[in-house]
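S.K.: Each protein sequence line maps, in turn, to chains D and Z. By the working numbering, the letter at position 67 of the first sequence is numbered 285, and the numbering carries on one by one without gaps. By the working numbering, the letter at position 80 of the second sequence is numbered 298, and the numbering carries on one by one without gaps.
Hints are supplied without guarantee of correctness; some may be wrong.
Intra- or inter-copy, both count: the list cannot distinguish identical chains.
DSS-like mimics (lysine-lysine), calculated; alpha carbons at most 27 Å apart, straight line [to be verified]:
1. Lys289 / Lys315
2. Lys299 / Lys310
3. Lys310 / Lys289
4. Lys289 / Lys299
5. Lys258 / Lys310
6. Lys258 / Lys299
7. Lys258 / Lys289
In short, the hints are calculated from the structure, not lab data.
Number of protein chains: 2
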Amino acid sequence: MSIASTGATPYYAVIFTSIRTSGDGGYGDMADAMLEAAAKQPGFLGVESAREGLGITVSYWESLEAIAAWKRDAEHLTAQKLGREQWYECYKTRICKVERDYDFSRL
Amino acid sequence: MSIASTGATPYYAVIFTSIRTSGDGGYGDMADAMLEAAAKQPGFLGVESAREGLGITVSYWESLEAIAAWKRDAEHLTAQKLGREQWYECYKTRICKVERDYDFSRL
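Model the full assembly from the supplied sequences, consistent with the hints where possible.
M.R.: Structure below.
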């Protein structure tokens, strides 16, 4: 995974921080399917994800409306339900407006 | 590391996404020192971090002024310089206003 190319500010970020239950129980396949489905949503700008005990997934969006539509997506609602029932000990979701950004590359 | 307890919205988040160069070169010690130093800053609310190829560190703050003060911190300026010179292939920093949050716990 690479750093998301998100274009000019302002745009929006959803920071999803989670701690998993043990075992997979279909989690890996669903996580892959959700990344693929999110990328097809209108207003999707990119995603960054890492897990090291704590998991952090940040998805980037053009607008709050795009985030709301993704939250209501039927396949995503199923994943959210399974997440609460099976996959997550706990999670926190934060909806943010990205006001400024800057980057560095040695290339 | 656990999910940060960040209190009521609004507050601010700095999403720092990075890809490391190979080798440590003092990085691990400096990363630990920076987490410790950030936690002592006025207005610091918490931090979440994971690396899995891509590294994502999200720090949370009471205000943009608190973020600006941390950016100017002398020890932090040294770390930022070494980061560009040695530790990072590339990084992106995003300054965000957290507008809403919600969480789930099975406990």
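S.K.: If the cut is 27 Å between Cα atoms, do Lys299 and Lys310 qualify within a copy, between copies, both or neither?
M.R.: within (15 Å within a copy, 32 Å between copies)
S.K.: Within, between, both or neither: how does the pair Lys258, Lys310 come out at a Cα-Cα threshold of 27 Å?
M.R.: Both. Shortest intra-copy (24 Å) and inter-copy (24 Å) distances satisfy the 27 Å Cα cut-off.
S.K.: Evaluate Lys289 and Lys315 at a C-alpha cut-off of 27 Å and name the case that applies: within, between, both or neither.
M.R.: both (17 Å within a copy, 20 Å between copies)
S.K.: Pop the pair Lys258 and Lys299 into one bin, within, between, both or neither, using alpha-carbon distances up to 27 Å.
M.R.: within (21 Å within a copy, 38 Å between copies)
S.K.: Go through the copies and call it for Lys258 and Lys289: within, between, both or neither, with a Cα cutoff of 27 Å.
M.R.: Answer is within: at 14 Å inside a copy they meet the 27 Å cutoff, but 36 Å across does not.
S.K.: Using 27 Å as the alpha-carbon threshold, which applies to Lys310 and Lys289: within, between, both, or neither?
M.R.: Cα proximity of Lys310 and Lys289: in one copy and across copies (14 Å, 26 Å).
S.K.: With identical chains treated as interchangeable, where does the CA-CA distance between Lys289 and Lys299 reach 27 Å or less: within a copy, between copies, both, or neither?
M.R.: within (12 Å within a copy, 40 Å between copies)
Violated hints for the displayed structure: none, as all numbered hints are satisfied.
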